[in-house]
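Novice: Listed below, chain by chain, are the residues.
Protein chains: 2
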Amino acid sequence: MAPFLSKRDLQFQLFEVLDTAALPQRPRFAEHSREVYEDILNVAYAVAERHFANHAREADLNEPHLEGGKVNLVPGVQAAMNAFRDAGFFSAHHDEALGGLQLPWVVMQAVQAHFQAANVGTAGYAFLTIGNANLQRQFASPEQQEKYMKPLLEGRWFGTMALSEPHAGSGLADITTTATPREDGTYSVSGTKMWISAGEHELTENIVHLVLARIKGAPAGVRGISLFLVPRYRVNPDGKPGESNHVVLAGLNHKMGYRGTTNTLLNFGEGGETIGEIVGEPGRGLAQMFHMMNEARIGVGMGAVMLGYAGYLASLEYARERRQGRPASSKDPQSAPVPIIAHADVRRLLLRQKAIVEGGLSLGLYASALVDDLQTGPEEGREDTALLLDLLTPLVKSWPSKYSQEALSDAIQVMGGAGYTRDTPVEMYYRDNRLNPIHEGTEGIQGNDLLGRKLTQAGGRGLQVLLGRIEADLKAAEGLTGLDEIRTALQKAVGQCVGALQTLLPKAAELGPDLFLANANSALEMLGHTVIGWMWLRQASASARALPGARGSDADFYRGKLHAARFFATHELPRVRAHAELLASADRTTTDMQEAWF
Amino acid sequence: MAPFLSKRDLQFQLFEVLDTAALPQRPRFAEHSREVYEDILNVAYAVAERHFANHAREADLNEPHLEGGKVNLVPGVQAAMNAFRDAGFFSAHHDEALGGLQLPWVVMQAVQAHFQAANVGTAGYAFLTIGNANLQRQFASPEQQEKYMKPLLEGRWFGTMALSEPHAGSGLADITTTATPREDGTYSVSGTKMWISAGEHELTENIVHLVLARIKGAPAGVRGISLFLVPRYRVNPDGKPGESNHVVLAGLNHKMGYRGTTNTLLNFGEGGETIGEIVGEPGRGLAQMFHMMNEARIGVGMGAVMLGYAGYLASLEYARERRQGRPASSKDPQSAPVPIIAHADVRRLLLRQKAIVEGGLSLGLYASALVDDLQTGPEEGREDTALLLDLLTPLVKSWPSKYSQEALSDAIQVMGGAGYTRDTPVEMYYRDNRLNPIHEGTEGIQGNDLLGRKLTQAGGRGLQVLLGRIEADLKAAEGLTGLDEIRTALQKAVGQCVGALQTLLPKAAELGPDLFLANANSALEMLGHTVIGWMWLRQASASARALPGARGSDADFYRGKLHAARFFATHELPRVRAHAELLASADRTTTDMQEAWF
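Order-wise, the sequence lines are chains U and X.
Under my numbering, the residue at position 404 of the first sequence is numbered 405, and the numbers go up by one with no gaps.
Under my numbering, the residue at position 215 of the second sequence is numbered 216, and the numbers go up by one with no gaps.
What the hints contain is simulated information worked out from the structure, not anything from laboratory work.
Only a predicted model underlies this, so the values are computations on that prediction, with no experimental measurement involved.
Careful: at least some of the hints might be erroneous.
For identical chains, the list gives no copy identity; a pair is met inside one copy or between any two copies.
Claimed, not checked - For lysine-lysine, the following DSSO-like pairs were computed, each having C-alpha atoms within a straight-line distance of at most 27 Å:
| no. | residue 1 | residue 2 |
| --- | --- | --- |
| 1 | Lys8 | Lys332 |
| 2 | Lys332 | Lys508 |
| 3 | Lys71 | Lys151 |
| 4 | Lys476 | Lys71 |
| 5 | Lys476 | Lys217 |
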């Protein structure tokens, strides 16, 4: 079976493109070293291979289902969670005082990447738990952290995020789950939550739901929403789970992919009182959630990258082995058929996948490194870093979600009929990844976020920071060999983006918000491709520097990077222009369309 | 539940864009009329709705499986086949003498469209039978037709196409199934065939396989391949199925979609002799297959269109009903959420689907009408018609296969989490349609066919015919209201295509076949979008002419057509340029890539 991840590329991204090896110079990471990080990544690979990849297809074919009122999962999930816990990954980025390793976020993302690639369905249980704990760490009281967070860090309990309701998914402002104050300061929570991943299972002795709800009498809209800690089982004074908290499984959702993760409809306060504790101040629920949104969205983008990456590697292995047809120049029927990797169009499909998934990986790790810079980097420049991260986040989330899906389609295409069957993994990755453009904010939401908020906030400073960094990398690349196509194409794309924005942004008031945002998707496409082009410039630059001293497979690796950069320049970046022109024209086709005309 | 097909649009395409109502002027169709065609389409809708749509999801969830050595299907399949047979659809386009209605091919395609939209998996059994009979009608002897074709026309037996082998799918030149002459003039057939749809089932008393095989001692390559009629059960002198012909089911394939159609691995000559009859002359097998290829590929394209269409209609209904969020200009949390069709980005996703599926339908029916013109149109011009049909075929096959998939992704996106579940049909359509870019010739094969053969054969006459027809339609559209965007954008796209081809084609010899074809995919993309733009010009022209006299929902229909044409002009046709430029540059990125660099 093909590997699910390229160790060599991960090393390259972390230590040759990014300066992860320098992080131990920061006080928080003083006890680390490049070797420590490499050891941890090796453990991640081993655990992911042995305990996650082993049952990915089995979990896909045997969805969570009810047996005797309990959710039944394939046994591999429990074993995987135990191995993940034993490796210390639930708490690896937390303080040593909490049992963590104080791993930088970029290394933590690289660790998680292994599990996303090996088995995204099973990994879901762990990642939701990690996200839940991160949010508690930020906003919950010390008592709450002791009670609800520590068991998560120890992998003894799992966590969820319970935001959506049947009538309110993208529009969270309209949730109706209510929290009624009780005399002891806790709340009685009542309502129905939809799409709750890992909402019910028997993997752990308790489940901690983070629930958005509206305190009785709170104002309409987002300012009336608060956040609550709601355990499946109430917690006894000794910290052990006690009686039922009346969170009732009302149904399981059956999805196209991500089938290994239980997805639930939950009723809170059914057949008894559901008691919850408020996190922080009332009315801050959505703001607290959004505080974690950059990291959550980077996580979705990285998940998309890794599914695409696993598909790329599977189709690459297949293309090297499968023999079929002959080159156009050599139709001698007596000759042996060639491995299909020899065909130009198969090579195009493989190069495109490589360009997408390695470009996406570069961006996901770059953004993760920005999270570290925000938390542990030099004080100076943190404001710029924050604005850049804000600007990049919708791209990190949406670009790989969309383009990994295209890459996975290319992987299926390389493998033909075989790729379309359940005997090979790519059709599963294709089904799994189709969720990524939807959850944690749809593409429509990302486009509006980018154009309506991130490109204009702080007087457009985020874009200036981005352009400054691209400019610096372009300058640093001067004189390097083999970068002509990517440099030229990137400069052109940057010019088209800037031109479009300089035309559109001054018209914002005149157009009004609806018209201004009408083509926000083109902003996402235009800047997404340009930013990935920048990531390819950075990878190509690192490769051009390393190539003269490299030999053998190492030299091949760098040549492949340079060539994928050329591919992105010649085959992908020219798409920016059409989006830039549409955006600049403030085209009204979609807003002029009338409902009755459909 | 949403309708699976728009009757109004089908009427528009057949009778307002195409001149299907004039076909009865041709002798073969003299007994027809527009009313006859409309009645038949109404029957098709009723049968498709009652007997096909009813079990589409059930068949998806309960794949064909073995029970006691026999293939078990959900019961709806048998009922659907009976209804299809009783409606006379197996033979509807055949001569009256054969029990047919002599339906024109364009009407037959419109009939089939209903079943492709309602339940593509069940429809597969019927369509393979129809294709098999068409091939026999063309090439089999009168005795063979009496023996093997008539039971297919009557729906008593079903047919398959057994081409691929485990080691030879796209590369049919390398098949190894052998046919050894027997003393009585028949052949003993031995070998293994892969991906055989409807290869085994108990729906009918016999199955007729059309098998490609190599007569012992035949030359290597395509010229050594012959075509054989191989029944599942040998046929007794009285025409009834007799003893086993030793075609053994060796396995069922499990696919991502198209789950309702049994897909098989078949061993011929296992445990006994498999006897077949040769069709026509030895060595003509692949040529005979390819003679039917235009029609088969139009069928695949139309199937893709209809899956996309069904998804569009489902997401449109959802978008009208689902309320979520508020326009950017009106964030009052007290106001009711709006139907999501009010959001610009949802409207973009719906308009894009409309532009893709209605454009694709237009092209599929246009090409089908060309098939009729070839067979029953004026003698004069048939050569040009044949060249145009040849040129369009790779586009008719590949464009909807690719872009319906994007449309279906847009449908899922509109429906969000609901679209990702198996409670709604779009995720199934998305899985089903992903096969279409693979079977009946992959996209890579279509690209090479277009650039390497269809654009150059007969001195490029096919392209000249195409350009002439586009030019004529552009001229006829002069003075019509509401067509500015589509006319301008189409003219520009045509200019870009012509420019690219004028640059590339003269260099063919200098580049050599491998380099010349290296960017064939861009030829497919560039001409595909341009031809669909032409189809939108034709639809917009018909609508502009009809609009002044139209009222109410009819006027809305024409305004929607004009607006979708504008959308295709502003949002899709600008993509042509990047492909044209890449093609003209004879870019070597894919051919320069070395295998070791991946």
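Novice: When no copy is specified for lysine 476 and lysine 71, does a C-alpha distance of 27 Å or less occur within a copy, between copies, both, or neither?
Specialist: For lysine 476 and lysine 71, the Cα distance exceeds 27 Å both inside one copy (60 Å) and across copies (69 Å).
Novice: If the cutoff is 27 Å on CA atoms, where do lysine 8 and lysine 332 land: within, between, both or neither? Let me know, please.
Specialist: neither (39 Å within a copy, 48 Å between copies)
Novice: At most 27 Å between alpha carbons: which applies to lysine 476 and lysine 217, within, between, both or neither?
Specialist: neither (58 Å within a copy, 67 Å between copies)
Novice: Go through the copies and call it for lysine 332 and lysine 508: within, between, both or neither, with a Cα cutoff of 27 Å.
Specialist: Close across copies (21 Å), not inside one copy (59 Å); limit 27 Å.
Novice: Which holds for lysine 71 with lysine 151 at a C-alpha limit of 27 Å: within a copy, between copies, both or neither?
Specialist: Answer is within: at 26 Å inside a copy they meet the 27 Å cutoff, but 56 Å across does not.
Going down the numbered hints, you'll see the structure goes against 1, 4 and 5, while the others check out.
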